[in-house]
Amino acid sequence: MLPGHTASIQPIPSFADADALAGKLLPCLLDMGEAMILAGADVNLVEKLLRRVGHAYGAVKMNVLVITASIIVTMTLPGGREHTQTRRIENAGETDFGKLEKLTNLCIDAYRDPIPIDELKLRFEDIRRVPFPKSALFAGGVAAAASFAVFFGGSLVDGAVAAVFAVVMCLLIVYLKPLTPNTIAFNFMACAITGLMIGAASLVVPGMSVDMVIIGVIMLLIPGVAMTNATRDMISGDTIAGVMRFIESLIWASAIALGFMASLWIMGIQTGEFTSNAGPVVSLVACIPASLAFALFFDVRRSLLAIATVGGVVTWAIYLLYSEYVSADAFTPTFVASCFAAVFSEVLARRFHTPTSTFFITSVIPLVPGRALYFTMKCALMGSWEQCGGFGLLTLQFVLGIALGVSAVWAISRTWSNLRRERAERRAREGAS
91 MLPGHTASIQ PIPSFADADA LAGKLLPCLL DMGEAMILAG ADVNLVEKLL
141 RRVGHAYGAV KMNVLVITAS IIVTMTLPGG REHTQTRRIE NAGETDFGKL
191 EKLTNLCIDA YRDPIPIDEL KLRFEDIRRV PFPKSALFAG GVAAAASFAV
241 FFGGSLVDGA VAAVFAVVMC LLIVYLKPLT PNTIAFNFMA CAITGLMIGA
291 ASLVVPGMSV DMVIIGVIML LIPGVAMTNA TRDMISGDTI AGVMRFIESL
341 IWASAIALGF MASLWIMGIQ TGEFTSNAGP VVSLVACIPA SLAFALFFDV
391 RRSLLAIATV GGVVTWAIYL LYSEYVSADA FTPTFVASCF AAVFSEVLAR
441 RFHTPTSTFF ITSVIPLVPG RALYFTMKCA LMGSWEQCGG FGLLTLQFVL
491 GIALGVSAVW AISRTWSNLR RERAERRARE GAS
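Here the sequence shown is numbered in this note's numbering, starting from 91 and rising by one per residue.
Calculated from the structure, these hints are not laboratory results. There may be inaccurate statements among the hints.
Stated by the list, open to error - PhoX-like cross-link-like pairs, simulated, lysine-lysine; straight-line CA separation at most 20 Å:
{"no.": "1", "residue 1": "Lys211", "residue 2": "Lys114"}
{"no.": "2", "residue 1": "Lys114", "residue 2": "Lys151"}
{"no.": "3", "residue 1": "Lys138", "residue 2": "Lys151"}
{"no.": "4", "residue 1": "Lys267", "residue 2": "Lys224"}
Whenever a hint applies, use it, and build me the whole structure from the sequences.
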């Protein structure tokens, strides 16, 4: 079930010209599916919504395959006639939970009470045309970069410098990204440009840590969330989509590291030793603006910003307490904390009628291994393979902990929903007899 909604009990409508309907409906479904993927939806959500909308409009069977690069939909009509259309997804898009929530609700309206296709298209276009708010992008980007520079062990000076260069990165996102051929090229060019500026700033700003400033800034680009979603997709059974997303995330991360390392090499700047994480109190305090900032950066609905921030802070607090008093490794505390984040997200998504990603992604942002991933790529480029392996293992522990945590909660929730539905159907059959 989708959070906060129940399946439609409306009878399947009858349409005079089902073939003509399919010809109009399929392009609309592909448009909505593509828009949801670009806004940050997970594969399972898009497949489920498109199937339900298709059934509501008269399909006896809906086969939907969604991966990060394309969507394939086959609609089987009464009588056995089939219509298939595909859509190539060209760009990675920007995470926009505000738009995703509206698209999800549009799909729910369509399958609960089917509306004319032309009206469905108009409502979709009204949602699609709304641009990502630049104010949220810049405010969230600046606060996120500054907070995470301190969160990962930097000083207040590092946070202030990271905030300045977050503005540069946001400007590049707005004006350079639409001109680049793909995310790989953009990540490399944006990080190379920003890295040259950070390198120049390190020559005049005393006490500045280049590494911490870079880590703060690249949290705006680092594909930790995509990598986590990829692992979750693979564990949940969407193997093709998960493997593709995981490989894509590794290439994006490599482009980020190469861009920064190339700029520092050009500037002739040697970065310092690997710094330790911030202390528990400092990291917990820094986690508050960091979580709020990413809720803004992902365009979470304004009325949900505070509670999304609470999710991130409590998740990190659980991680700190578990790692301090129970287990010192990274995997187990991350798994426990992400289980909380998943339950928190499921409950609130049902309460506020929004996709679970709205709360889950913002809740696990403090667990995303941006620092470990950066140092993994840095060590690989430096040829420090022993340290690269250590940071790589740490990155994997965080990613697996998040993915397994949400997958465990998802599996239990899905099993419970199926059990309840089976009991309801059995009671209905017994009542009819």
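*Pair hint outcome, Lys211 versus Lys114 [Cα-Cα no greater than 20 Å]*: 10 Å, holds
*Is the hinted pair Lys114 and Lys151 satisfied, with a Cα-Cα distance of at most 20 Å?*
The given pair, whose Cα atoms are some 17 Å apart, holds under the 20 Å limit.
*Given the hint that Lys138 pairs with Lys151, test it: the Cα-Cα distance must not exceed 20 Å.*
Answer holds: Lys138 to Lys151 is near 13 Å, not above 20 Å.
*With a cut-off of 20 Å on the C-alpha distance, tell me whether Lys267 and Lys224 pass.*
Between Lys267 and Lys224 the Cα gap is close to 14 Å, so the pair holds against 20 Å.
No hint from the list above goes unmet by this structure.
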